[in-house]
Amino acid sequence: MELAGVTKRYGRVTAVDRVDLQIPKGEFFALLGPSGSGKTTLLRLLAGFELPDEGRVVIAGRDVAQVPPYHRPVNMVFQAYALFPHLSVARNVAFGLEMERVGKSEIQARVAEALAQVELSGFEDRKPDQLSGGQRQRVAIARAIVKRPELLLLDEPLAALDRRLREKTRAELRALQQRLGLTFVMVTHDQDEALALATRIAVLDRGRIVQVGTPAELYERPASRFVAEFLGDCNLLEAAIVEPGVAALPGGARLHFAGDAAPGSRVTLAIRPEKIAIGADGRNTAVGTIEAVEYLGDISHLQVRLPDGTALEVTRVNGAGPPLVAGDRLMLTIPLEAITVLPA
Amino acid sequence: MSANWGLRLAVLLPALWLVLFVAWPLLIVAEISFSEVVSAIPPYLPVFGWSESGPSVSGNVENYRLLASDALYTASLLTSLRIAAVATALTLLIGLPIAHGIARAEPRFRGALLLLVILPFWTSFLIRVYAWIGILKNEGLLNELLLALGLIDQPLTILTTEWAIHLGIVYAYLPFMVLPLYVAIERIDPALREAAADLGARGTATFFRITLPLARPGIAAGCLLVFIPAMGEFVIPDLLGGPNTLMIGKTLWVEFFANRDWPVAAALAVVLLVLVLVGIAALDRAQRRAGEGLA
Amino acid sequence: MRRGNSLFGVTVLTAGFAFLYLPIVLLVIGSFNAGRQVNVWAGWSARWYGEALRNEQLVASIWVSLQVALAAATLATVVGTIGAFVLTRLPRFRGRALFRIGFLTPLVLPEVILGLALLLLFVRLDLDRGIGTVILAHATFGAAFVAVVVSSRLASFDPALEEAAMDLGATPMRAFLRVTLPVIAPAVLAGWLLAFTLSLDDLVIASFASGPGATTLPMRIYSQVRLGVSPEINAISTMMIAAVTVAVIGASLAAKRRR
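Residue numbers (the working numbering), protein chains in the order written: chain A, 3 to 346; chain B, 20 to 314; chain C, 8 to 266.
Bound conformation, chain A alone (with noise of 0.2 Å):
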């Protein structure tokens, strides 16, 4: 699958800006991106709903930028799933292949092999409003990947479960897909749930693809702070280089770190809350005031102030020691290489 220079605009709109991307195939691909950052149309020019004003979108080797969804070797898990009220389970399953005017025999076989590999064996008869939450989207899958397309994508394929079984079907989907070997591509604004399904990820802002890599690329080495801000918590700090290997902040303080950026530049450092250590261990060390802790349970969200007046967000583990509390200050350490340094 590869998408060239594709450009969807809406009248004054540019929905879409200039896209490419490849997608290899048996991939898990997740587009990710806040609403509006042109990720929905991104998948719909995918299926055919939407044709591209320029570019190329090459799917199995065959460009197919005006051809209709119907002649597409594309399928699509809606995000309300989108099953016919009036057709059984059964029904359901077996359109796409009514459509290819398959034999009798073949669709039965190819239905109960589809509803099989999603668990639904003994359901045919059911119509969609006799079905859980979990068993639609089941059906709405199966109902896709019945047609063994080239391409499977899936619409905010968890937004419409409730939180329990949103765990539990995120592994069902991946194991699903492995299974399969299928090359999926599916849409979200969930960063979370990006992170746990897919094998690369493309992060859209505003009709343009940012940054592509693995879930821990993107997290660990973000390229901008719309990524950085975007995929999980990230203390921003606005910074000047100062020599080699050492930036100063705003208020005085200065932070080594590990990588090149030319002195004098200004820029952004992004720190993870998690990787900031707590103990004098190293450098970066400084004794802070805690300002607030936000108690989670498993974890605990402290906002810390330094003597320089920089406010940092730290995540600590609980269980080791006593309960932190407002007021109390605390020796942290930035290691060198837990800092990235962005573009200001």
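Don't read these hints as lab results, they were simulated from the structure. Quick caveat, the model's predicted, so the values are computed rather than measured. One thing to keep in mind: the hints can contain errors.
As the list claims (entries may be wrong) - Label-pair distances were calculated between CB atoms; the ranges are: (1) A:Val15 - B:Ala224: 23 to 29 Å; (2) B:Leu35 - A:Gly13: 31 to 37 Å; (3) B:Ala224 - C:Arg101: 48 to 54 Å; (4) B:Ala108 - A:Arg208: 54 to 60 Å; (5) C:Gln74 - A:Val104: 44 to 50 Å.
We put the beta carbon where it would ideally sit given N, CA and C, even for glycine.
Fit chains B and C to the known structure of chain A by using the hints.
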């Protein structure tokens, strides 16, 4: 999309239908209202015709002048307005507690109660009006009952009065009033009533200060659904009203069928249409002003 | 807060329903009166039912009405359903507002105006007045009702269903036939039923649009009712009420079972 011609056909078919069976007939009515009545088939002189010297126009406003000057027509116009207004108000007064009662009933009864309201609507309008003749006439069931109870000593004349027409309209159009009222009242969040009660409002205060203002769209819809057909009503004044009660719909009918004066009938239709449109606009405006008053 | 009705509420509902049903009940009872005098009870009898069914004019008018209603409702359903689609699914085209007004007009037009207007049209077109013109007239207002019923269903129809069908390989036409139409079928059927009942019920428009040899049941009943209350009319009315009651209750039970 590839089915473009199909789409075009889909728009064209109903569009042609509307032009042929809705727009054109109304234009013909307007045209004939300006024509002259003659003894011929059809009994009017076409407004637009061809003479030897080319196209000719022969219309005039005589029919409208007649409507304005003849007491028969002005009286039937005013009577129609009065009866439609009074009957609509009566229907609202009766429909409101019924709709409120259904909306407040336990959910499992609501469907059945609604069905009971709708069911008469499916039975013949004509028959429902006709049923009242046997009840209201001088030797009818109502008079017999009142006589037997000793409440009156000679039969009341109800049939052939305006009261019989009001009764007929209320009876025939009550479902049209109750349904939109019910929908509007049922939609009101019960928490609002609870909030009013919490703030010290009694049941009646809650009804008048919370339920009624919020049900306003339903009230407007219900009044329109009763007022419009009541204005042009023919069957009810004809069967329940006396020969002296002239409503515009009945006058139009008589002009057309008995007097064969098609041009005057057409002019009456135009006037009725204008009155209906004025009624709709007035109610719409009152509604909007009330809405602004709230805000 | 307390749900359910106060004593006042129950009283109002009881009185309201008594008002709605008492005239009908009295009419039904009256139809079984053996005597001709409507206000004098002369014992139970089904005599007037026999008389009504032997009245050839009355029976002939029933057939006319059924033919008209069947044809008009079907025509109205085709036009109204297509119209509803144009109204709800093609949001942007020139003249859409006019289109909407056109479909709503027959709903707010007093019957006498619509009847007169259509008659004048038929005269202008030189159509012979008869069953055909009554069918066209009834289809005109029936289509408006069907358009309203079907477009309100289409408004809540999830367009993702059509997209899903196309995603699974259905062309737009097949998506419509295999998914959209079956899903909105109950609304289309309800629209047809409404158009059918309205046609059966209509006196005013039929009187204008009809000609010799095409007397509908309401026209026949009306011409007899003008002469006063008759037990024969009570009998035929009771039969119509029974038929409608059975049909409506049956339909609502069927709708309940589908859920």
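Each hint, compared with the structure:
no. : hint                            : verdict
1   : A:Val15 - B:Ala224: 23 to 29 Å  : 50 Å, violated
2   : B:Leu35 - A:Gly13: 31 to 37 Å   : 32 Å, holds
3   : B:Ala224 - C:Arg101: 48 to 54 Å : 52 Å, holds
4   : B:Ala108 - A:Arg208: 54 to 60 Å : 58 Å, holds
5   : C:Gln74 - A:Val104: 44 to 50 Å  : 45 Å, holds
Hint 1 from the earlier list is the only one contradicted by this structure; the remaining hints agree with it.
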